[in-house]
Amino acid sequence: MEVDKYTLIVRNLQEVVGDDELQNLLKKPNSSVSVYWGTATTGRPHIAYFVPIIKLADMLKTGAKVTVLFADLHAYLDNMKAPWSLLCLRTKYYEAVIKGMFRSICVPLDRLHFVRGADYQLTEEYSMDVYRLMALTSVHDARKAGAEVVKQVNNPLVSGLLYPLLQALDEVHLKVDIQFGGVDQRKIFMLAEKYLPHLGHKKRIHLMNPMVPGLTGGKMSSSEIDSKIDLLDPPEFVASKLASSVCPPNMTAEQGNGVLAFLKYVIFPLVPTKIGLSIPRTPKPYFNYNEVEKDYLMNKIPSDSLRSVVTDCLNGLLVTIQDDFKDPKLQELVRNAYPTVEGNSSVNVNLEEVPTMFTNEKPTILQEIDNRFNDMPKITDQSILLDSFEKEFVGCKSLLEKRLNQTNRLRCLWSVTPIGLPHLGHSIPMRSLARLSRLYGVYIIVLVNNISAHLRGSVSWDVIKQRGEFCRVILTGLFTALGGNLNQFSCILGSDFQLHSEYMLNFYRLVSLVPETDCLISSKLSEFDNTNHNLDTNIINNNNEVINESSIRPSTLGELLIPCLDLIDTIQLSADIRLASIQQIQKRQIFQSKFLRHFPNSFETIHLTHPILSSLQAPNNQIGDLSSFPPMKSCPLSSRCTGPASAKTLAALIEENYLPLIEPPLPGSTEKSPLPGLKRRIKRAFCQPNNVDINPILDICRWVLIPDLSPGEPFIITRSEKNGGPLHIQSQSCTLNEWDLLKQYYSNGTLHPGDLKPTVEYLLSVQNIHSLANRLKQSLPDWDELMLLLNDAFPLMKSHNNNKVNTKLNKNNSVLNKMGHKSSSDNHHQEQQQQQQHQITSSEGCFVPKLSDIKMSSPSLPVNPTDELNPNRLDIRIGLILSVKIHPNADSLFIEEVDFGPSIGKRTVISGLVGLYPMEKLLNCYAVFVINLKPVKIRGIESQAMLLCASYTEKSTSLLKVQPIHLTNQQNPILGERFIFHPFIETSNSSSLSSLWFREPDQLLSSKTKLWEQLCPDLLTSIDHYIEWRHLRLGSICGNKWIIVSDDVPPGSTVR
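Position 341 (the sequence shown) corresponds to 341 in the UniProt record's numbering; numbering is contiguous.
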């Protein structure tokens, strides 16, 4: 019975993907598989639809649960065929004819489930998966998947890229085991196989029936009238079309013989097995198709006989359907659903009109904004408002006057994508918005576009709400600190309304109108594309990683479609004014001018630009030839990076280029205030003397500090008396303002970077009671709450093997507890004494357990996989260099005598530092050594340890620089003290160490293990000048001392 089910299901299929899974499902007791078949409700169904209908009937005979999907939303994405106003009618037509087809082959309808795509494809759950899949799928793969089902034209619409993704998701949200379709959908099925598991969905089984050739050859298509037989064609039309159909001798159904294909896939599956099929001018009935084909190829059956029998059988099938459509209501439905075909319609249809919504219901957050907006006082004095706007945005007055003739309230929208932490540059637009919020009739909306951050590949879907919430709290605090009116302000997340059905339908409406090139030009992808908009050249690997060898940035469909979402944001939020940088505005205006007109009741949004801060440092270390600096941008936290060490190093370098308003404190830091790391970043910022054209520090003065001055308040530069004393900069006329004077003083050398930088640092810092940082501190939640929000938004890294190792440790501890448990108080006291004997005390009073008493692993035992790359297998010790001399047999080598204290003694170390580091500086230095590497003879003298050094290439000279790693006298170095790698610790109390990494070193590292070679690529200096290996940091055992390199050593320097 089980074999019969399988045979019935796969009969006449061209391909089965997941055959083993299908057989396993059918072997289960009381098995009942579920399958769905979908059809886009575009052109009129034709006779070839009987192929999947008959196949579904086979599946019903096995007890399968069959769902028929009327894919109206898919049809809408194929805008070249019909607008939504017709699709609703066509869906009804499809339902009527397909139900008739099932009845014509005697399939009871009560065993079938019919569903419209719009019934579930606009739910939040489905929309969520659409976004997730868009963020993952490359443009190349999306285009490839739709190549057979989406009409291919020059400059295609982006809806053709989205179509395959929706079909792939249908199998998930219809909760079926099997998706069934034509072989022309194979590439869509393969897209589902490739990407859906990455979203956490299981692979489905995919069944494909062959495509029936058209009557004129090629594929039978609804859009080619001569190639098909319509389900409502009268008998004489059917006979006429088949009489002129292509039925060449010596051609099989698979080779394109449409008449034989009807026999094979439509007629013979319905032929009673005991009666067979009688064909004119043949001596006997045929009981299976293979016999017919054999005789036809041997010229035993005339082609006219085949045409005749097919005509009779097809007309017999169509009787039931055509009887149904004698109903006047269904006849009217046909005329209205296909007016261009029938020539008349009682429904007025504008093919250019964008359809109306399914529902007028708005998302809750947008309804709240509408209520607050309507309750807000109206604009009472247009002149005051216009002057205020003109002061903030020069040249906007005439645009606003026109808009004020149409409304007495304004909505201003500014959006931010929370890729990283909110930074000082965000205070520029927020200051303007805060000032405008004090005017009657101006409502401010700040959109934290967390879904766009996910589409850009910057934020995992699991944390988009947490990321958005953290940024919302910071930006709301910033708005308050800048004196904004909270009664006329809303800060919302994209996820608050971008999953709503109204939003998604508008999005689908738009993508069915927008060509790919328009999306490309308006997206950020065009900044990286040097291929004249040829998206096929974009490359992406399976891990969504950029292939650095190419100058072309790989693009996902999510990135490409961001301009569409951006325009829908404008429409949904009814923005009168949108604020952005000049680069964003230019692209936004082009896109809006082309596509906003398709949305009724929408109005032209006014686009205003705001200044942006420059990056603090030059990109790619190229300063000499720079004509401008890139803008200050947020970036993911390097300390929370989950990628390779190179990605973390890159993130750390980018981190130094901006000023985050809030960031996690460094290990051991007690700083709990806004703008942490201000001193370090300002100190390193590019600030060339006399250069007023490219100067990030002057930009901060111009756009952040000077606008913060009260009317008549001077801008004061603190200088020593030696340098001329404090410099008061105050406008004395209407021709020169504070910025003009500051620029003048700096360009002529009156003001030096050495005086400007400390002033900027002080004015921004919490030490200045009037600073933005101080006001922000008062308007934000307390620090502990902020850190909880930040940790949720930027989760700490998790070690892949922590759970396994901790489980093993817990089991070992459990065994030890059972073995060592004693109930008497005497034994308990004895245990305490033993524990005290097993402790040593550091010079800082920190109790540290002996490593010899922690038996996590033993060098004499095989090393488990978790421990293979543990950097604490290295024995890193502090040694005092007692003497240094040149190697007698090598002029490039030093020989150092190093004292490691009484327990280890003195050792000879050879280092290749001649010409790279002065001999006198090595003498009496407390340096850091690895002492358990296998001793090696170098030019006749044995080296018994290795001096660790940081090496880098100096920017200005391109010369290799090397600095030995050492402790300062202020750190109280102890001879022979061991240093180990710790997981990052967020507080100053670092005495609690992770048992995963706390272990004895190997007694001697064999060169065969290649451990040192494997550790080296990830052993680097951090942005904070620590020595780090991946997510571990080098410090003393109790964590009260950390190895810190000098400020001259740049982040990402190698440690060897």
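A portion of the hints provided could be inaccurate.
To be verified - Straight-line Cα separation of at most 27 Å, DSS-like style, residue types lysine-lysine; simulated pairs: (1) Lys937 <-> Lys955; (2) Lys402 <-> Lys594; (3) Lys757 <-> Lys672; (4) Lys61 <-> Lys194.
If you are wondering where the hints come from, they were derived from the structure by calculation, not from laboratory data. Computed from a predicted structure; not experimentally measured.
Structure versus earlier hints - violations, ascending order: 1 and 4
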